[in-house]
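All chains should be modelled from the sequences, with the hints used to inform the complete structure.
Those protein sequence lines, which keep their order, are chains A and B. Heads up: take any position in the first sequence, counting from 1, add 45, and you land on the numbering used here. Heads up: take any position in the second sequence, counting from 1, add 2, and you land on the numbering used here.
Treat the hints loosely; a few may be bogus.
[As the list claims (entries may be wrong)] Once the Cα atoms are required to be at most 30 Å apart in a straight line, the calculated DSBU-like pairs of lysine-lysine come out as:
1. A:Lys134 / A:Lys152
2. B:Lys497 / A:Lys166
3. A:Lys416 / A:Lys437
4. B:Lys252 / A:Lys102
5. A:Lys54 / B:Lys113
6. A:Lys437 / A:Lys54
7. B:Lys233 / B:Lys116
8. B:Lys121 / A:Lys359
9. B:Lys121 / A:Lys184
10. A:Lys102 / B:Lys116
11. A:Lys137 / B:Lys109
12. B:Lys444 / B:Lys397
13. B:Lys497 / A:Lys137
14. B:Lys214 / B:Lys147
15. B:Lys394 / B:Lys444
16. B:Lys152 / A:Lys53
For the record, the hints were derived by calculation from the structure and aren't laboratory data. Note that the coordinates shown come from a computational prediction; the quantities given were computed from them, not determined experimentally.
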Amino acid sequence: MAIVTVGKKACAVNPLKMSQPIGGAFAFLGLRGSMPLLHGSQGCTSFGLTLFVRHFKEAVPLQTTAMSEVATVLGGYENVEQAILNIHKRTKPEIIGICSTGVTETKGDDVEGYIRLIRQKHPELASLPMVYVATPDFKDAFQDGWEKTVARMVEVLVEAPTTAARRDPSRVNVLPGCHLTPGDIDEIRTIMEDFALEPSFLPDLAGSLDGHIPDEFVPTTIGGISVDEVAAMGQAAWTIAIGAQMRPAAEAMEKKTGAPFRVFERLCGLGPNDEFIVFLSEISGRPVPSKYRRQRGQLADAMLDAHFHIGGRKLAIGAEPDLLFDLSSMLHEMGAKVTVAVTTTQSPVLERVKIEEVLIGDLEDLENLAKDRGCDLLITHSHGRQAAERLKIPFHRAGFPMFDRVGAGHQLSVGYRGTRDLIFNIANLVIADHEDHRQPTPDTWRIADTGADGEAPVASLH
Amino acid sequence: MSSLSATIQDVFNEPGCGKNGNKSEAERKKGCTKQLQPGGAAGGCAFDGAKIALQPLTDVAHLVHGPIACEGNSWDNRGARSSGSNLWRTGFTTDINETDVVFGGEKRLYKAVKEIIEKYDPPAVFVYQTCVPAMIGDDINAVCKAASQKFGKPVIPVNSPGFVGPKNLGNKLAGEALLEHVIGTQEPDFTTPYDLNIIGEYNLSGELWQVKPLLDELGIRILSCISGDGKYREVAYSHRARAAMMVCSKAMINVARKMEERYGIPFFEGSFYGIEDSSDSLREIARMLIERGAPDELMARTEAVIAREEAKAWAAIEPYKPRFKGKKVLLITGGVKSWSVVAALQEAGLELVGTSVKKSTREDKERIKELMGQDAHMIDDMTPREMYKMMKDAKADIMLSGGKSQFVALKAGMPWLDINQERSHAYMGYVGMVKLVEEIDKALYNPVWEQLRQPAPWETGAKSWQAKAMAQMDAEAAALAADPVAAENARRARKICHCKTVDLGTIEDAIAAHGLTTTEGVKQHTNASGGCGACSVRIEDILAAATAAAEPVAPVLQAAE
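Printed below as a string of structure tokens:
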């Protein structure tokens, strides 16, 4: 069992973590016709906006209450009101999702109260759903913002079934964690549809941020799950939560609608997908389609082919808890040694990472520990590229943000097929690194001497 | 008055700012803080601006005091280049938590500075103030002073919490921090009559290095570039330069002007975008240095370099001219670039169908008219849909803009090129211009467009989304044409002043009702231009149109009587 320690530095160096409100805004981007609104000063929004655009290479709707110094001190009622009215008038959204930020939380703005007042004053907003989530920047991290926001969406938007009408056995709610890409969501949807199930994803980034070319110019999100569909989620027979972060939302769903839920903490790897497929087979009452029997065989074979390269690798990984747990577990099962694990926030899954200690820290910690412990495989988001350069070890980009590569939205790690491709990618990275940088030289097998040349022993390490 | 608000007032009173010079005393007091519109704003904040302006100082540790949002969401996102240290690429933040918010973050900040100095030993630490610690009253000036004394190293406070204003204000606050704490604190080992400062240039994509070889050849030394590829020491002794070139006046005019005032360093505003602009700037640099004591022969050598480089650049562009014949460009940028790039593109034989003037001054607009003729399309503010329509109507072949509007072109299957700060190519100087032309050619003639413009085989042409979008807009236009009342309403509903949300109709009514002839009058009656003042140029146009309409109408009315 891993012990979770919290770094003691006063100064975070090369942050791994991103803030909670943009995690919340990210969740709102998975609703159709949605406009996420951050209640804070302009930068809070513009930094998040830039981050999303660089990652997805898509136009991203995101708005700000544009708090000035004076408004911050006096309280932001007027800014929230104006922002909502402006958005309503200009972009005609189907829903506005509001997240607080550090400044407005420090002041203590009662946004729920503001919304009640605004609704009283402006009856024209009666049919406009608004969901507010408290997400101070000075607490928690990106994943927590997503977690709280999805739970809040369930509480506010899902309608409790009015009659004891029979649940529709083919309908299943899926609550995906923020570590899943639009590509992952599409894959899960395909798998479920192959069992003749009808999944509703909350939120559904696959509809909104999958890089399609829209039919028209829309200033809000295009695609994603609609407010009506969310409201109807109460009639589904089951709720599937993916990632431990989605447990609160699944519990909220059960509390509100009585739909039973099952949490799949991971969907990367052979074992977790076996469980998932068996579960789908059970709830749908259908045998496993031959497509997945074949895919399972391919994954098994991929594991055979790749274990030579991944086995024994000393992995240094920096990621948000669910992604960290997911990827490190799969690589552990492939024979890699999880040697350094750094994350951003607390989570129950961290104790089960296959390592002695998980550190809540930054990329400087990751880099230094990886160096000290001689790691030879690095996994983190794009900000880790500088560390990888200095460490001179193969680097696999995973998570958000991934701004220095294209196709981030389609990177796949779930399902038999997704796991297979991911294993190939990582193994190929290792092979390429070996071919490019670790060719034997006449000095390779000499005993590393601690002389002036610090470079020579590098090759002998591998 | 706290020192921060005093600094902001001082920045607003900047006499070197042409725009400011045209304002009344009262207007100037209000400054250029744009009244940001909740739910309708998208730009960065003052902290963003300050960080952008100073981060290209490469050997300095940039420490952001605040919650994780300010640095965690934004670090490592600028493409400046360094010839030496890479410390500027390291993200430092105090990442304050709830406890700090309750009990104050000063101790954490002090410890953070200590950790940085122990681990990285930079020549200086820059500490950026953000909203939350500003609100809870963390005194970063005091912490920086204490840390400076304790560790014997400059620790520079940059007071720029996001909520004091927009990005542009942050640029200037960063400049103030340099003026107050850095410039003039050290001495160079030696000086020459050829020492030049470049101010407001950030060496994005390493652009400065496209020009530096020419300066090197002429023996002109960049004593300090503020702040592209800058080193702390260079900025500290920049007050010994003989002359300065200011590249981005919007960002750092206060630095250029105050250095002239304090140290007698004359400056001019120039640009290295476009062939002629580059030549003009080189000439001006030589002229100023000679005026300040450099030998006269510098000018002859400069002219020789200009002649050689221009000839080379023209020769390199020549082969593209036939390929660009009849090709049209829509340019969506702003400020100086709205005309300096125009000139360059025309040099290459491209036809400009429109240029945006969102952030341009009156002088910028005059230059555009000079270059593109009186009926130049000058675009103020448009929605993506309008931008697309404009592209279609004008039959533009390529759009050049910043990253934010790229999807308008790309998703419509139109070539697009990034000419703003996030671009990955350097377009400065003579070589840069050739590169720009090369890139335009690459984008225009990429075979990908032919494929992408084909509708899916199951879709008829009319159903392609471009067709649908155009049909939708045409339908709207037709509806307006058929209904003059609605058309008039739509025309009158156009927002003129975005800060105070005043539309064209209100202003026209006020002009008609009160016989207004000045922007000041319009402002009194409608509140338009009471915010950032950016719309005053637009209001002048409306006033001009109103007088023009009134004059020929008058005799008709008389005749009717």
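Item checked: Numbered hints the structure breaks, given as an ascending list -> Per hint list: 10, 11, 14 violated.
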